[in-house]
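Colleague: Generate the whole structure from the sequences, applying the supplied hints.
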Amino acid sequence: MKRARVPPAEPSGASEEERLRARLASERKARVEAEEIAEHTLRDLYEKQRDLDLMEAVAAASNIAQTVEEAMQVAIDHICAQTGWPVGHVYVPGHGTGVELVPTEIWHLDDPERFEAFRELTEGMILAPGEGLPGRIFESGRPVWVVDVTQDPNFSLAKAATDIGVRAAFGFPALVGDDVVAVLEFFSPSPAEPDESLLDLVHHVGSQLGRVVERTRARTELTRYSEELERHSRELERANGELKEFAYVASHDLSEPLRTISSFVQLLANRYRGRLDSDADEFIDFVVDGTERMRRLIDDLLGYSRVGSRPLDLEAVDCIRVLARVRLDLQGIIAESNASIEIGELPTINADPDQLQRLFENLISNAIKFGGPEPPRVRIFAERDGPKWRFSVIDNGIGIEPRHAERIFNVFQRLHAPGEYGGTGIGLSICKRIVERHGGRIWVEQAEGGGSAFRFTIPASGEDGH
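If you use this note's numbering, the sequence shown corresponds to residues 1 to 466, in order.
I should point out that these hints are in silico values taken from the structure, not numbers from a laboratory.
Just so you know, not all the hints are guaranteed correct.
[What the hints assert, rightly or not] Listed below are the simulated DMTMM-like cross-link pairs for lysine to aspartate or glutamate, each with C-alpha atoms no more than 25 Å apart in a straight line:
1) 388 - 361
2) 369 - 354
3) 432 - 401
4) 29 - 17
5) 432 - 406
6) 388 - 406
7) 388 - 448
Modeller: Okay, here's the thing in structure tokens:
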């Protein structure tokens, strides 16, 4: 036989009250916990916003700062404002022979009068690595926190700290790579426990400031290099001007006495050749040859000087017509050497006609002079190469070794003895100067099948064409 189910007894009035109180206590506890969570979250958000504001302020200052000192000043001002610490200062490595930290005049002082004694003492202290707060930071390359400087035996001003109004301190380095380029230190009038999040933040600030230092150094070095380059350029321009003037004056002044010497030597040769002994005739021939070489050298020096000193007279120049005049001027050596001159496609360009003619004369006569066993064959043509024309003067002569390709364009550079081939060693230098004054460049290559291929460029203008 089943026993009948007895319904639960109704709670008494006292137990109901206890239940309500328990629920109320639970809700109160939950509310307190929620408030604590909210407060903690708000505090975290505030600190993160504070950190973000500080980083943005330093980054902005870093981007617009014209000097390292300006960026450092902005950094210590913002850090003092964010932390509420009234004192900030910057040390930098000294420029002497020894490693040391020297104080700067970069300060933040909320109350300059209150901290005047501290400032005066600090600005009189030069610290070694490991000495004091800045020295420890410099030595470790890491941020350092001191809870109470009056209890820190390594704090240089520990004995005077109470009197000068500082207790807690922290600092951090500005880094370029692993090099400490500055130490920023901060002080509070009360002891303070380490704030790891703040130390982590200022570590990033130090990296940001290091980039400012690096950028400023690069800018300073670039400015110094630019000024040095400009100075050298002015000196070179002055030297070139003096050299041109000297070459022109010297060549011009030498021409007259040389003509006199040449005339008398020629007179001696005409009057006494064959009437003296064979040695005398040979000596006279030496003098005649020497004066002729000197005349050619002076003429080329004058030509080289004129190319650089006279302004370009630019006009539309038909290269075919220029080469027709060149062939006429060189018809003697062309006929004597049985040379053939083949002229291909050539444009009309914007150039100085006299200098362009001199350029082709030098290159063609050079090709004929340094001919090989076969009669000289010189081919001249041009091709459009983007914004410029590339000209080619190709011969079948003895060629030029690649190792001499740059050297042959220098003044007085010869690859052969004067007795082997004529010339003064200035002709190709004149070619180089003419081409460069027209805004182009000239070079030489080995021609296919032997010989040399001289190539040069002249900028093309909108009206250039075949």
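Colleague: Against this structure, judge whether each hint is valid.
Modeller: Results of checking the hints against the structure:
1. 388 - 361: Holds, because 22 Å separates the two Cα atoms, which is no more than 25 Å.
2. 369 - 354: Holds, at roughly 22 Å.
3. 432 - 401: Cα-Cα ~19 Å, so holds.
4. 29 - 17: holds (18 Å)
5. 432 - 406: holds (11 Å)
6. 388 - 406: The hint holds at about 22 Å.
7. 388 - 448: holds (24 Å)
Against the hints set out earlier in the document, no violation occurs for any number.
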